[in-house]
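Residue strings, one per chain:
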Amino acid sequence: AQTVTQSQPEMSVQEAETVTLSCTYDTSENNYYLFWYKQPPSRQMILVIRQEAYKQQNATENRFSVNFQKAAKSFSLKISDSQLGDTAMYFCAFMFSGNTPLVFGKGTRLSVIA
Amino acid sequence: NAGVTQTPKFQVLKTGQSMTLQCAQDMNHNSMYWYRQDPGMGLRLIYYSASEGTTDKGEVPNGYNVSRLNKREFSLRLESAAPSQTSVYFCASSTGTGGLDEQFFGPGTRLTVL
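These protein sequences, in sequence, are chains X and Y. The working numbering applies: residue 1 is where the first sequence begins, and numbers increase by one. The working numbering applies: residue 1001 is where the second sequence begins, and numbers increase by one.
If you're looking for bench data, these hints aren't it; they were derived computationally from the structure. There may be inaccurate statements among the hints.
Claimed, not checked - Below, computed lysine to any residue pairings styled on SDA-like, alpha-carbon distance capped at 25 angstroms:
id	chain 1	residue 1	chain 2	residue 2
1	X	Lys55	Y	Glu1102
2	X	Lys73	X	Glu15
3	Y	Lys1009	X	Lys73
4	X	Lys106	X	Phe68
5	X	Lys73	X	Ala114
6	Y	Lys1014	Y	Pro1107
7	X	Lys78	X	Asn31
8	Y	Lys1071	X	Gln2
9	X	Lys106	Y	Phe1010
10	X	Lys106	Y	Met1041
Stated by the list, open to error - Covered stretches of chain X (chain Y as the covering partner; in silico rule of three or more C-beta atoms under 8 angstroms from a C-beta of chain Y):
id	stretch
11	46–60
12	77–85
Beta carbons: idealized from backbone N, C-alpha and C, even for Gly.
Required output: the full structure, derived from the provided sequences and hints.
Written out as structure tokens, the structure is:
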């Protein structure tokens, strides 16, 4: 079974600083997809960024970028210029190629401090 | 365009009572999912429906049943609620075409079983 591990239950960062959230996963598949979702206090799940395993170039979305290391099975999320609105739970998720459900990590609670 | 809607938003049940959580999407998506979220556990898949007319068990199906009523609606039923089913329940949907297929989430239902 595929597993996703987020080793940092909680993190904090000063406003305007950069923070990196870690995620590792375990799979024997060669083609798959990785996602980061954000869950603010409103409880709504919001897609932050996604990456295809066969693409070596790291995905970026504005202040959010990933460091995808396929051999190490690592998919970390970097948030630059952190803002108070980034305070949320962040979930890393994995999906096989094809129409399969997401497998989520347990989440990292990020607090951005003014 | 409402996206994914869930009813109710909050519910309190007594042990042994039954209830159905309703979910509907208006994005013409093929695939729908039910997750539960517990503190420190991330989101775990209960059941999913890859397409209308099909349903499959996820990681934690015991104590639940589902019905894919039509393409839009996917309900989750608790036949005899137990305190262990106290959780936040999320419904999600996706196109079902695979690949970088974003799952869209409803706002969640907070269920307490006394």
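Hints that the structure is at odds with (numbers, increasing): Failing hints, ascending: 2, 3, 5, 8 and 12.
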